[in-house]
Amino acid sequence: MPEAVARSDLDALDRRLIVATQAGLPRVSRPYDAIGEALGIAGEDVIARLRRMLDAGVIRRIGAVPNHYAIGYTANGMSVWDVADERIDELGARVGALDFVTHCYRRPRRLPDWPYNLFAMVHSRSREEVAVRVAEIAVLLGDACRGHDILYSTAILKKTGLRIAG
Amino acid sequence: MPWPGGGSTPVVEAAAAVPDETDRRIINALQGDFPLVPEPYREVAARLGLDEAELLRRLDAMLERKVLTRFGPMFQIERAGGAFVLAAMRVTEAEFERVTDQVNAFPEVAHNYRREHALNMWFVLATATPEGIAETTTAIEAVTGLPVFAFPKEREYFVEMKLHA
Numbered sequence: 001m002p003e004a005v006a007r008s009d010l011d012a013l014d015r016r017l018i019v020a021t022q023a024g025l026p027r028v029s030r031p032y033d034a035i036g037e038a039l040g041i042a043g044e045d046v047i048a049r050l051r052r053m054l055d056a057g058v059i060r061r062i063g064a065v066p067n068h069y070a071i072g073y074t075a076n077g078m079s080v081w082d083v084a085d086e087r088i089d090e091l092g093a094r095v096g097a098l099d100f101v102t103h104c105y106r107r108p109r110r111l112p113d114w115p116y117n118l119f120a121m122v123h124s125r126s127r128e129e130v131a132v133r134v135a136e137i138a139v140l141l142g143d144a145c146r147g148h149d150i151l152y153s154t155a156i157l158k159k160t161g162l163r164i165a166g
Numbered sequence: 001m002p003w004p005g006g007g008s009t010p011v012v013e014a015a016a017a018v019p020d021e022t023d024r025r026i027i028n029a030l031q032g033d034f035p036l037v038p039e040p041y042r043e044v045a046a047r048l049g050l051d052e053a054e055l056l057r058r059l060d061a062m063l064e065r066k067v068l069t070r071f072g073p074m075f076q077i078e079r080a081g082g083a084f085v086l087a088a089m090r091v092t093e094a095e096f097e098r099v100t101d102q103v104n105a106f107p108e109v110a111h112n113y114r115r116e117h118a119l120n121m122w123f124v125l126a127t128a129t130p131e132g133i134a135e136t137t138t139a140i141e142a143v144t145g146l147p148v149f150a151f152p153k154e155r156e157y158f159v160e161m162k163l164h165a
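Chains as they are written, first to last, in the working numbering: chain U, 1 to 166; chain L, 1 to 165.
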């Protein structure tokens, strides 16, 4: 991964470009020209700045975000695990490398309500399939894991993506 | 902004908007690496054997039907000085709709899911500065009257939200 870009590495125009594109790209033949027109710069400058932000990791990727329910992934299970602190980084990396895990993070426990420190999101076409995959994670974690749970989603309440103020 | 026409999209509603084979090919082709060239849609359409107008029409239609939730750059706001945090609340059934509306009204709430657990509302906050997270969390607690459990990421092991359609 490239080094994190300091806030100061993004100039005012980059920030305006983020605000102008965070809701999405225009669906017109020359979308970068259209964005440039709104910002008062050339389309090729929009392309160059987006390229730079991609290379720096400020943009993860440019593309479509499907509604996972609509494309058949009706079972979305957030699996959460209580993993021994001294082993979590080694094991977290291995869980994250499983091909069915879409996001994998270490997060703080909130005792006594929440003993889990490893979060691994599993998207599948059924809860049975999620359960099979979660069992695979359990095998991988072995006795380093003291407990786990699966939180299935039952509704998307909002999904707009980020909206920072201009 | 909440979803137009209501606070949530239950599974059953989304099932009505099933994409056809061409839509699925478009979704699979567009999950990353959208070209940074003057006429990117034309390039993608050619790759898929479609014409540009049809690709644009189908993209618009999938966004309209919410088969796609968005199309564009995915920002990693932490690398631009901002912050993302996962947060959760425990909300009673009687209050669920009110609290959903209150939470979703914050532009800092990027997405929000209902989940089966005592902590049953899980949302992601995205703010332009790290301080914005604490401010927004406090504001959500004040408006809803409920505690917010914040789960900042301490380490990212993997993120790649690409699903084969």
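Treat the hints with care, as some may be off.
[Unchecked claim] Taking lysine-lysine and the DSBU-like style, the derived pairs with C-alpha atoms no more than 30 Å apart in a straight line are:
id: 1; chain 1: L; residue 1: 66; chain 2: U; residue 2: 159
id: 2; chain 1: L; residue 1: 153; chain 2: U; residue 2: 159
id: 3; chain 1: L; residue 1: 153; chain 2: L; residue 2: 66
Because the hints were derived from the structure by calculation, they are not lab data.
The model shown is predicted, which means the values in this text are computed figures rather than measured ones.
Hint check results:
Between residue 66 (chain L) and residue 159 (chain U) the CA atoms are separated by roughly 10 Å; this keeps the pair inside 30 Å, and the hint holds. Between the alpha carbons of residue 153 (chain L) and residue 159 (chain U) the distance comes to roughly 20 Å, so the proposed pair stays at or under 30 Å and holds. Between the alpha carbons of residue 153 (chain L) and residue 66 (chain L) the distance comes to roughly 28 Å, so the proposed pair stays at or under 30 Å and holds.
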